[in-house]
Amino acid sequence: MTTETAVVSATSASQTGALSVWRRLRREPSAIIGAIIIGFFVALAIFAPFIAPYDPNASDWMAVRAAPSLAHLLGTDDLGRDVLSRVIYGARASLAAGVVSVLVALAIGIPLGLVAGFFGGILDMIISRIADALLACPFLVLAIALAAFLGPSLENAMIAIGISATPIFIRLTRAQTLVVRNEEYISAAISLGIGNVNLITQHVLPNVLAPIIVQATLTMAVAVLAEASLAFLGLGQLPPAPSWGSMLDVARQFLSEAPWMALFPGLTIVVVVVGFNLLGDGLNDALNPRSE
Amino acid sequence: MVGLLWRRLAVAIPTLLLVSMMVFSLQKLLPGDPALALAGEERNPEVIEYLREKYHFNDPIPVQYAHWLGSLLQGDFGTSIRTRLPIGQMLLEKLPVTIELAVLSMLVAVALGLPIGIIAALKRGTSVDYGASVLGLIGLSIPNFWLGIMLILLFSVNLGWLPAGGYVPPWEGLWLNIKSMIMPSFVLGTGTAAILMRHARSAMLGSLKQDYIRTARAKGVKERIIVLRHALPNALIPVVTLGTLQFGELLAGAVLTEQVFSIPGFGKMIVDGVFSRDYAVVQAVVLCTAAIFLLMSLLADLAYVLLNPRLRG
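Taken in sequence, the protein lines are chains A and B. Going by this note's numbering, the first sequence wraps up at 298, each residue one higher than the last. Going by this note's numbering, the second sequence wraps up at 323, each residue one higher than the last.
Keep in mind that the hints were calculated from the coordinates and are not lab data. We put the CB at the ideal spot given by N, CA and C, even for glycine. Take these hints with a grain of salt, some might be off.
Per label pair, the in silico range of CB-to-CB distance [stated by the list, open to error]:
| no. | chain 1 | residue 1 | chain 2 | residue 2 | range |
| --- | --- | --- | --- | --- | --- |
| 1 | A | ALA49 | B | SER143 | 23 to 29 angstroms |
| 2 | B | ASN187 | A | ARG32 | 49 to 55 angstroms |
| 3 | B | ASP221 | A | ILE128 | 39 to 45 angstroms |
| 4 | A | GLY45 | B | ALA228 | 49 to 55 angstroms |
Here's a subset of chain B near chain A, in silico, CB distances under 8 angstroms, partners left out [to be verified]:
| no. | residue |
| --- | --- |
| 5 | LEU150 |
| 6 | ILE152 |
| 7 | TRP156 |
| 8 | ILE162 |
| 9 | VAL265 |
| 10 | VAL281 |
| 11 | VAL284 |
| 12 | TYR289 |
| 13 | VAL296 |
| 14 | PHE303 |
| 15 | LEU304 |
Chain B extracted, bound-state conformation:
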């Protein structure tokens, strides 16, 4: 297990380094003087010269990258030109909000996707199975920002049951926090629910075809026990791995959901950064999202080995 961890880290760290090179080179896509672009609306020559010095724009590109990476490794992501706050501090403030949204969305996805997928596999070829397939297709095809708008229209504008947007931290009011997160987590969770549902169905179908299931049936074991004790645990192994990977995707999907519901998280931070041409913020969010995604991939690999008895040894 430790060997696997080191092997995966040996791949993940160079990958993250490559991601950092890509994120750094995004600056080079900006037309014209990058110092002017980073300055935003600011046109004071002293400020522009300060930025040019600070980001080493007068140096060769590899030197610029080395300085940039060195700062990142010391936790210095730069300063936001919009809020004038250190970006590292902003990341630490916004990340818990997005993680809360992603965790709640994953709960919604698991609660919807797993049972529907398993039932669809058990009722293969029936109207229940076809209905589940249609639900899965729609879940994959609905833009989550539109679903969010429609839910706001129904539950906030017409019925007045839930707030149309905003965020209340749990320590300021748990019920208000839950109320503010019901719609966003449902919106963000539906796409993942559809993916989990499809995989749970196919994993369960694969599991039900195995020899040990046939043997259990031949021995006269009850169908309920066959499903719950033998087929399901084996079918869940790939689904848990996929769910771990999907958690990283949820962090990315939060961008639009947070925008629609005005939730001050990671996703809204990148969008605000884009609108205010705060490019250092955009770079920091991309890099952090990639780091979290790689971490989730690592955990997915470890979970796969931990859950699979044949690989554990």
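Chain A on its own, in the form it takes in the complex:
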């Protein structure tokens, strides 16, 4: 095989691979169920103003802590706000946190992992030790500490969760890069004189992405849980903006009088996290059939 054909066949193989992954993905029931759940909640978040029966912040003082009824399907909270409307609008904060924090982690983790794995040496040592140090701080403790020092807000919570999730992506990208850089088509590309930046972005990156996509989907589940945890502790979305975690924090004080205030936001978190986990597991089976 000549060097040109090695590089071209690697590219076309990755296109054929994408098609076969799509075919395998369509046969994975867990991926389909996960995608439907996530798609449903994304639609809720986008079309919240059209779907929610009430303004999420509007109080009905005649219906404070009202039990679920036809007027308020999931009941009302301590300020007479419709729980269903707040759950629907709360999808915005949770999904935004899930996606943005993982994007933060990817934006930092992938370049660092690529550099560490591709160049090796002192750069690899420094980056790997930083990742080790970050991994030594348990995820939630680090996220709480960062959110506490940055100040409570949804944006800071996303940054805190993103930074806490970064070392996983550094390690994963580095490990995959170490494997890919020894492949024949990379040696071929090097012998063609392709520069390091082009080599990394056009030949290494596309071939290390599969496990990263799986990990990103699974990390979104963790990020949604972490955002709810931070909001529960008062370090995420600030009131009165609706967030499932902060709704649970308030609900704790009215457990005996209004248990529905705690039941529905919590169930919603479980369903969304199950959705991301199913999608991640399905992607894993489709992208890495041997893992089954």
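For chain A, the structure is supplied; the task is to place chain B on it using the hints.
Frame of chain A, contents of chain B only:
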């Protein structure tokens, strides 16, 4: 074995040093004057100047770090601005409570996760296996603070069987202590149980595919003996290692559980520190959690070698 211990320590100590740098630099994230932030509600200029001197805020950052690290190495974590107590003393008081919670949670996780994982592997592809997978998925997806709230609603508010929160030390009443820890340890243990279950299932499946299992079957060894004497001990090696690592995670997961059940442990200490802007407490808890986590990683490595006869030599 001793060589391995030294090699692992040679990695763990620089990592802990890096963690200390990260924890120290958290202070620098605070907007404005760090002395003002550390002073909390206190606005007396003398107090603020005292803090500035005490923490060497007028010095260059590397000098500040050297002073901070020097104090830590002498066991001086600073003083809490909320309780006015030395933070080192607070850590020593809170840590046993969290360790008790983590140990009980690990017992719950092992009691639930291991048998379910092993049975799921033995009944692969049956409804039992699918049921176990669903349980594992739910265990991984339930926020433990919500599970805690739901259990309080059921067992404390509605049935009145268990206390909704609080902590009784074992020496003040063992039964009361157990009663106060049943729900928190179940809540904290479920996530780990799900992880152990998944790994036990996959390790057991891997073990059952090995040649020595096929040989034992060919020799006519009973299935029960094959599972208990040959497959299980080998499948447990990675699970024990993972369990050791998960113990460190349990200490971190205790943050929310302790908050929900008002247990005065390590996790509640960091949350109280966050609420009262007691940043030195937050830093101390992060650093101690990382140190414990690194220690557990070290023990996990040693356990892996000790349990694996091929590596022991």
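For each hint, the structure was consulted:
1. Judged by the Cβ atoms, the range 23 to 29 angstroms given for ALA49 of chain A and SER143 of chain B holds: they are separated by roughly 28 angstroms.
2. A hinted range of 49 to 55 angstroms holds for the C-beta pair ASN187 of chain B and ARG32 of chain A, which are about 54 angstroms apart.
3. At about 43 angstroms, the CB distance of ASP221 of chain B to ILE128 of chain A agrees with the hint of 39 to 45 angstroms.
4. For GLY45 of chain A and ALA228 of chain B, the hinted distance range of 49 to 55 angstroms is satisfied, since their beta carbons lie about 50 angstroms from each other.
5. Against a cut-off of 8 angstroms between C-beta atoms, the interface hint on LEU150 of chain B holds, since the closest Cβ of chain A lies about 6 angstroms away.
6. Taking 8 angstroms as the C-beta cut-off, the interface hint given for ILE152 of chain B holds, the closest approach to chain A being about 6 angstroms.
7. This hint holds: TRP156 of chain B has a C-beta 4 angstroms from the nearest C-beta of chain A, less than the 8 angstroms allowed.
8. Because the beta carbon of ILE162 of chain B sits about 6 angstroms from the nearest beta carbon in chain A, less than 8 angstroms, this interface hint is met.
9. The beta carbon of VAL265 of chain B is positioned within 8 angstroms of a beta carbon in chain A (closest approach about 6 angstroms), and the interface hint is therefore held.
10. At about 6 angstroms, the closest approach between the beta carbon of VAL281 of chain B and any beta carbon in chain A falls short of 8 angstroms, and the interface hint on this residue holds.
11. For VAL284 of chain B, the shortest C-beta to C-beta distance to chain A is roughly 4 angstroms, which falls under 8 angstroms, so the interface hint holds.
12. Residue-level restraint check for TYR289 of chain B holds (minimum Cβ-Cβ distance to chain A is 7 angstroms; threshold 8 angstroms).
13. Among the interface hints, the one on VAL296 of chain B holds; its C-beta lies about 5 angstroms from the nearest C-beta in chain A, closer than the 8 angstroms criterion.
14. The interface hint given for PHE303 of chain B is met, as the beta carbon of that residue sits about 5 angstroms from the closest beta carbon of chain A, less than 8 angstroms.
15. For LEU304 of chain B, the shortest C-beta to C-beta distance to chain A is roughly 5 angstroms, which falls under 8 angstroms, so the interface hint holds.
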